[in-house]
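Read off the chains here:
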Amino acid sequence: MSKTYGILALFESAPAIYQAAKKVRSAGYTKWDVFTPFPVHGLDGAMGIKRSKVPVFTFIGGLMGFTLGMTIVWYMGYLDYPLIVGGMPYYSPVFPFPVAYELTILLAAFGTLIGMFTLNKLPMHYHPVMNYEKFRHLTDDKFAVVIEAEDELFNESEVRELFAGLHPTEITVITEEEKA
Amino acid sequence: MSHSSNPSDAAVGHHGAAAAVLKEVRPANMPRRPIVENNRDFAWITDKVCGIAEGKTPRWWWIAFIMSCMIASFTLFGLIYLVSTGVGVWGLRSPIMWGWAIVNFVFWIGIGHAGTLISAILCLLKQKWRTSINRAAEAMTIFAVACAGIFPLFHVGRVWFAWWLFPIPNHNAIWPNFRSPLEWDVFAVSTYGTVSLLFWYMGMIPDLATMRDRTRMVFEKRYAEAKTKTAQAFERFFFTFRQYFYGILAMGWRGSNRHWSNYEMAYLLLAGLSTPLVLSVHTVVSFDFAVSHLPGWHATIFPPYFVAGAIFSGFGMVLTLMLPLRALFGLQDLITQYHIDCMCKICLATGTMVGYAYAAEFFIAWYGANAFEGFAFVNRAFGQYAWAYWIMITCNVISPQFFWTRWGRENLWFVWILSIFINIGMWFERFVITVTSLANDFLPANWDYYSPTAVDIFTFFGTFGLFSVLFLLFIRFLPLLAFAEIKSVTKQADAHAHGEHH
Amino acid sequence: MTIDLNTCTGCNACVVACQSENNIPIVGKDQIMRGREMSWIRLDRYYSSGDPIENRTSLPSDPQTSLMPVACMHCERAPCEQVCPVNATVHDEQGLNVMAYNRCVGTRYCANNCPYKVRRFNFFDYNKRARDQFYLGPLGVNQFKTEGGILKSMQRNPDVTVRMRGVMEKCTYCVQRIEQAKIAQKVKARDSNDIHVPDGVFKVACQAACPSEAIVFGDISNPESAVSKSKANDRDYSLLGYLNTRPRTTYLGRLRNPNPQMPDYKPDALSRMEYKAMQPQSL
Numbered sequence: 001m002s003k004t005y006g007i008l009a010l011f012e013s014a015p016a017i018y019q020a021a022k023k024v025r026s027a028g029y030t031k032w033d034v035f036t037p038f039p040v041h042g043l044d045g046a047m048g049i050k051r052s053k054v055p056v057f058t059f060i061g062g063l064m065g066f067t068l069g070m071t072i073v074w075y076m077g078y079l080d081y082p083l084i085v086g087g088m089p090y091y092s093p094v095f096p097f098p099v100a101y102e103l104t105i106l107l108a109a110f111g112t113l114i115g116m117f118t119l120n121k122l123p124m125h126y127h128p129v130m131n132y133e134k135f136r137h138l139t140d141d142k143f144a145v146v147i148e149a150e151d152e153l154f155n156e157s158e159v160r161e162l163f164a165g166l167h168p169t170e171i172t173v174i175t176e177e178e179k180a
Numbered sequence: 001m002s003h004s005s006n007p008s009d010a011a012v013g014h015h016g017a018a019a020a021v022l023k024e025v026r027p028a029n030m031p032r033r034p035i036v037e038n039n040r041d042f043a044w045i046t047d048k049v050c051g052i053a054e055g056k057t058p059r060w061w062w063i064a065f066i067m068s069c070m071i072a073s074f075t076l077f078g079l080i081y082l083v084s085t086g087v088g089v090w091g092l093r094s095p096i097m098w099g100w101a102i103v104n105f106v107f108w109i110g111i112g113h114a115g116t117l118i119s120a121i122l123c124l125l126k127q128k129w130r131t132s133i134n135r136a137a138e139a140m141t142i143f144a145v146a147c148a149g150i151f152p153l154f155h156v157g158r159v160w161f162a163w164w165l166f167p168i169p170n171h172n173a174i175w176p177n178f179r180s181p182l183e184w185d186v187f188a189v190s191t192y193g194t195v196s197l198l199f200w201y202m203g204m205i206p207d208l209a210t211m212r213d214r215t216r217m218v219f220e221k222r223y224a225e226a227k228t229k230t231a232q233a234f235e236r237f238f239f240t241f242r243q244y245f246y247g248i249l250a251m252g253w254r255g256s257n258r259h260w261s262n263y264e265m266a267y268l269l270l271a272g273l274s275t276p277l278v279l280s281v282h283t284v285v286s287f288d289f290a291v292s293h294l295p296g297w298h299a300t301i302f303p304p305y306f307v308a309g310a311i312f313s314g315f316g317m318v319l320t321l322m323l324p325l326r327a328l329f330g331l332q333d334l335i336t337q338y339h340i341d342c343m344c345k346i347c348l349a350t351g352t353m354v355g356y357a358y359a360a361e362f363f364i365a366w367y368g369a370n371a372f373e374g375f376a377f378v379n380r381a382f383g384q385y386a387w388a389y390w391i392m393i394t395c396n397v398i399s400p401q402f403f404w405t406r407w408g409r410e411n412l413w414f415v416w417i418l419s420i421f422i423n424i425g426m427w428f429e430r431f432v433i434t435v436t437s438l439a440n441d442f443l444p445a446n447w448d449y450y451s452p453t454a455v456d457i458f459t460f461f462g463t464f465g466l467f468s469v470l471f472l473l474f475i476r477f478l479p480l481l482a483f484a485e486i487k488s489v490t491k492q493a494d495a496h497a498h499g500e501h502h
Numbered sequence: 001m002t003i004d005l006n007t008c009t010g011c012n013a014c015v016v017a018c019q020s021e022n023n024i025p026i027v028g029k030d031q032i033m034r035g036r037e038m039s040w041i042r043l044d045r046y047y048s049s050g051d052p053i054e055n056r057t058s059l060p061s062d063p064q065t066s067l068m069p070v071a072c073m074h075c076e077r078a079p080c081e082q083v084c085p086v087n088a089t090v091h092d093e094q095g096l097n098v099m100a101y102n103r104c105v106g107t108r109y110c111a112n113n114c115p116y117k118v119r120r121f122n123f124f125d126y127n128k129r130a131r132d133q134f135y136l137g138p139l140g141v142n143q144f145k146t147e148g149g150i151l152k153s154m155q156r157n158p159d160v161t162v163r164m165r166g167v168m169e170k171c172t173y174c175v176q177r178i179e180q181a182k183i184a185q186k187v188k189a190r191d192s193n194d195i196h197v198p199d200g201v202f203k204v205a206c207q208a209a210c211p212s213e214a215i216v217f218g219d220i221s222n223p224e225s226a227v228s229k230s231k232a233n234d235r236d237y238s239l240l241g242y243l244n245t246r247p248r249t250t251y252l253g254r255l256r257n258p259n260p261q262m263p264d265y266k267p268d269a270l271s272r273m274e275y276k277a278m279q280p281q282s283l
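Chains as they are written, first to last, in the working numbering: chain A, 1 to 180; chain B, 1 to 502; chain C, 1 to 283.
FYI, nobody ran anything at the bench for these hints, they're computed from the structure.
It is possible that some hints are incorrect.
Claimed, not checked - The calculated lysine-lysine pairs, modelled on DSS-like cross-linking and capped at a C-alpha distance of 30 angstroms, are:
hint, chain 1, residue 1, chain 2, residue 2
1, A, Lys53, B, Lys56
2, A, Lys22, A, Lys50
3, A, Lys50, B, Lys491
4, B, Lys126, A, Lys134
As the list claims (entries may be wrong) - Now the in silico label distances, taken between C-beta atoms and shown as ranges:
hint, chain 1, residue 1, chain 2, residue 2, range
5, C, Cys11, B, Gly383, 31 to 41 angstroms
6, B, Ser190, C, Phe144, 36 to 46 angstroms
7, C, Glu179, B, Leu153, 31 to 41 angstroms
8, A, Pro123, B, Arg216, 16 to 26 angstroms
9, B, Ser190, C, Gly28, 32 to 42 angstroms
Unchecked claim - Non-contacting residues of chain A with respect to chain C, defined by C-beta distances greater than 12 angstroms in every case (computed):
hint, residue
10, Ser2
11, Thr30
12, Gly42
13, Lys50
14, Lys53
15, Pro55
16, Ile60
17, Phe117
18, Thr118
19, Leu122
20, His127
21, Lys134
22, Asp151
23, Gly165
24, Glu176
Heads up, the beta-carbon is just placed ideally off N, CA and C, and yes, glycines get one too.
Start from the sequences and build out the full structure, keeping to the hints where you can.
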C-alpha cells in the first residue's frame, strides 16, 4: 500500500519557479519545498526561509580551535616540559599564533561542514521525492514545487487548483512506500 | 521631441540640464562576455560534463595512465632507496643541507594555491567565471598538496620518527617546539590539505547527486551497446559500482532549496575561511626561510612575495591542465576565451608582482647597507648559480609580459607553452632562494656548490607522474567541471529575467 | 671557552683529539669530496695579501694566512635551538647548547640556521657500514657484527654515544667530561654542599691537546677562573657578533701590527716570503 507524500508541480525555468514559490508561500502552506538543480537567487526570500544557522557551528568550531591551539602550546611549553630554547621565554602569545590560527580555521571548517550536514539532516539516502519518475531532472535541468500531505492546509483539489494557476509542465502525486 | 545632434546644445537645454544630457548622450551598451557561449541550456551542460565520466574510457586515457604510473614509480623507488640507505644518496652537503627536496615542496604547495584562490577568493569577489575551472583547480590543489607533503616527510633523516613533529605523547614525554617554522608548517599544510579536501568535496555533492541520478540512464545506454556476455557482465558490475560510489558520496542530496540555503551559507563560509588559509599557508612556508638568519632568507618581503608567486605558478599549472582538456573534451563553450583571458591576466598581474619583489629585494639589500645581504644578492645574479638566476628572471618576469597582447592570450598553443615556462621559472625561483643563500652564507670557509644526484632528479620527476595518476583518476570518475555552479551563472538562471513564456 | 688566535699555530691537534674523544666517524675520501666531513672542530684558513684591492680581485701571490679554529659556539641565543621542530637541541642551565641524538629527526634546519655552520649531519650509517658500502644501504655489511668491526668498537670512547644515520651532531663542550667532573665533585663533597667544580680540574679534549694552550675552557660564572680572565682581555671578540647570537666561545684577536717603539718589539713575518727574507743568509 502506498501513501500520498505530496503533490509536485514541474517547471522549466528559474523565473517560473520563483513566481511559483511566492504563490505557495502567500497561500499559507508551511510543509513544502522547492527542488532546483542549482541555487536560484532570491528563492530563499520568495519561500520565506530565514538566514541559515550554519555560521553558529562555524563560530563554535573556530573558537574551539583557537583555544585548543593556545592551550596546547602553553601547556606543553610552559607547564608540562619547559625547555630553554634560544634564550627565549617559555611562553609568549606571539609564537603560538600560526598554530592557533591554523587550528581555528581547521575546526571552523569542520564546524561548517558538520553544521551544514546537521541542519540539512544529511545523509538521507532515501526521500519520497526520489520516487517521482522524472526525479533525475530535478538535479539536472528542471524545477519543482512539492506541497506535502502532512501540511495542515493540505487538500488535494485545492493544491491542484493552485498549481494549475502557475502553468506548470505537469502535476503529479508523489507516493511513499508504507513501512511494513 | 526635437533633438539636436550636438550634445553641447543639449547641455544648455531649457530645464533639467542633466536629463537633457542623458537623453542625448546615450552611452553604448557594453554586453558582458558570456560565461557559457552559444546559449547552451542546462541539459546540454549536464550532458557535456557528465558525459566525460560516463562514456567509455578513451584510449589516450589508458596510455596516459600507464605512462604516469611508470613515472610515479620513480618516486616510489627513489624514496625506498632514500629511507633504506640514508639522506646521503641525495646531493646534499655541508652547508647546503636543504636542496631539491625543499625546493620541490615549496613548488608543489605553491601550485596548489591557485585552486584555493579560484574557489575561495574569486568566490568572495563574485567572479562568475571561476565556475568553469574551480572543480579541476581544486582537484589540482589536493593532488599538489599530496605531492608536496611527500618531501618534508621524507627529507628528514629518520622518517620513522617523523610523527614526533605532531604533539603526540611519546616515550620521552617531550613535546615539539612550537617556535619552529617547521612545526607551524605541520599545522599549516595539514590544515590546508584537509580544508581543501572538505571544500572540494562539499562543492561536489550536488554534482555527484546528478551523476547518481543519471546512473540508470547511462547503464541502459551502455548495456544496449554491449555486445558480448563479458561486456554485459562488466556493465552490470560497473552500474552497481557507480550507484554505490555516487550514491554514498552524494549523501542523499535531492536539490531541495531548504538544503541549498544552508549549502550556500556553508560554501560562503568555507570560502571565507579558505581565503585567510591560503594566504597564511604560503606565509608559513615562507617563514621556513624568513625566520632564519641567512642573508637572502632573512627578509620580511617573503610572505607576500611567496603568496604572489604561488598564485602565479598555480595559475600556470591550471592553464597547463585545462587547455588540453578543453580541446580533448570539446569544452570550448564552457571554458571560453574569456576564461582564458582572465587566467592570463592573473598570471600577468602576479608575475609582475613577483618581478617587483625581485627588484625590491635588490633595492633593500643595497639600501640596508648590510655587507652580507648585499653580497647575497650580487652573488645570486653573478655568482656560481647565475645560470639559475637568469632562467628564473626570463621565465618569471619576461614571459608573462606577452599576456599584455591579445595575440598572446588568444593563441592557445603559445599560452600553453608559456604556462609551462612559468612553472619552470617558479621552480627555479625556489631553487635560487634555497640553494644560493645556503651555498654562500656568512663565512667564506663554509662555501660550497650543490648539485643534485640522480636520486634527487628521479624522485622529483616521479611526483609529476603521481600527480598525473591522481588527476587522470579524477577525470575518469568525478565531474570535471562544477556544472551546477556553471548553470547558476548562466543568463537562464536569473529568476528575475522577464520574457519567460509558459 | 676562549681561543687565542695569537698562539694558535694551526697544527690541527685539536681536530684529532676531538675526533678520538667523541667517536667522530671517518667518512673516507669520497664523502669528503662530497662535502660530508664530520669533524666537530675545524680549522678555517683564509689567505690574503697586504693589498685590500688585490684581495678581492685575484689570488695573492704571496699570501698571508689567517687561521681560526671553529667549533660550536654554544650561543646563548642559539639560532639552531629556535628552529628545531622537535626540541632535539635546547639549552641547559649550565649554558651548553645540548644535542639530544635520540630525539633528532634529522630535518637539518638547525644546520641551515647556524651562521657558523658547525653542525654535522650523519648522511649515512658511517659507523655501521664500510666506507665503500655507504651507498648499498641495507645490502652492505653490518660492521657492528663483524670481528673487525667489533675490534674497532673497542677503540671508541664508551662515554660518548655512537650516532646512527639521520642525526645531527656537533661540539658538545665535551659534556661527558663536564658531567664526570661534576659527579666526581659530588662524590667528594659527600654531605657538604661544596659541589662546585673548581677551575682546572678537567680539560676538554681540544684544550688538552693544544700544544700552545690556545684554548681555555672553564666556568664563566666564576670571575677567578682562567676563562673569565681570558674573556676580560681587550682582544676578546665574538665571531659574527653583530648577529647577537651571544656565543660562549669567543676569540682573542691576533695581533699583526706590534708597535715598533715598544722595548720588546720583535719584527714578525706575515707571509712565507717575508719569513724567508727575514732568515739569515745561508753560507
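Quick rundown of the hints versus the structure:
Taking the CA atoms of A/Lys53 and B/Lys56, the gap is near 43 angstroms; set against the 30 angstroms cutoff, the hint is violated. For the suggested pair A/Lys22 and A/Lys50, the alpha carbons sit about 15 angstroms apart, so the restraint of at most 30 angstroms is met. Of the pairs offered as hints, the one joining A/Lys50 and B/Lys491 holds, with about 26 angstroms between alpha carbons and a cut-off of 30 angstroms not exceeded. A distance of roughly 33 angstroms separates the Cα atoms of B/Lys126 and A/Lys134; the hinted pair therefore is violated under the 30 angstroms criterion.
Taken as a hint, the range 31 to 41 angstroms holds for the pair C/Cys11 and B/Gly383, whose Cβ atoms sit roughly 33 angstroms apart. The supplied range of 36 to 46 angstroms is met by B/Ser190 and C/Phe144, whose beta-carbon atoms lie about 38 angstroms from each other. Taken as a hint, the range 31 to 41 angstroms holds for the pair C/Glu179 and B/Leu153, whose Cβ atoms sit roughly 35 angstroms apart. A C-beta distance of roughly 20 angstroms is found between A/Pro123 and B/Arg216, which places it inside the suggested range of 16 to 26 angstroms.
For the pair B/Ser190 and C/Gly28, the beta carbons lie near 40 angstroms from each other, so the given range of 32 to 42 angstroms is met. No beta-carbon of chain C is positioned within 12 angstroms of the beta-carbon of A/Ser2; the least distance is around 63 angstroms. No beta-carbon of chain C is positioned within 12 angstroms of the beta-carbon of A/Thr30; the least distance is around 57 angstroms. With a least beta-carbon separation of about 51 angstroms from chain C, A/Gly42 lies farther than 12 angstroms from that chain, consistent with its non-interface assignment.
Every beta carbon of chain C lies more than 12 angstroms from that of A/Lys50, the smallest distance being close to 47 angstroms; the non-interface claim holds. Distance check for A/Lys53 against chain C: the nearest CB is about 39 angstroms away, which clears 12 angstroms, and the non-interface claim stands. Non-interface call for A/Pro55 relative to chain C: holds, since the shortest CB-CB distance, roughly 35 angstroms, exceeds 12 angstroms. Every Cβ of chain C is farther than 12 angstroms from the Cβ of A/Ile60; the closest lies at roughly 30 angstroms, confirming the non-interface assignment.
With a least CB separation of 35 angstroms from chain C, A/Phe117 remains clear of the 12 angstroms interface cut-off, as annotated. Distance check for A/Thr118 against chain C: the nearest CB is about 36 angstroms away, which clears 12 angstroms, and the non-interface claim stands. The claim that A/Leu122 is not at the interface with chain C holds, since no C-beta of that chain comes within 12 angstroms of its own (minimum 39 angstroms). With a least beta-carbon separation of about 49 angstroms from chain C, A/His127 lies farther than 12 angstroms from that chain, consistent with its non-interface assignment.
Every CB of chain C is more than 12 angstroms from the CB of A/Lys134 (nearest about 58 angstroms), matching its label as outside the interface. No beta-carbon of chain C comes within 12 angstroms of the beta-carbon of A/Asp151; the shortest separation is about 60 angstroms. Against chain C, the non-interface label of A/Gly165 holds: every CB pair exceeds 12 angstroms, the least being about 69 angstroms. With a cut of 12 angstroms on Cβ distances, A/Glu176 stays outside the contact zone with chain C, its closest approach being about 57 angstroms.
In summary, the structure is inconsistent with hints 1 and 4 from the numbered list given earlier, while agreeing with the others.
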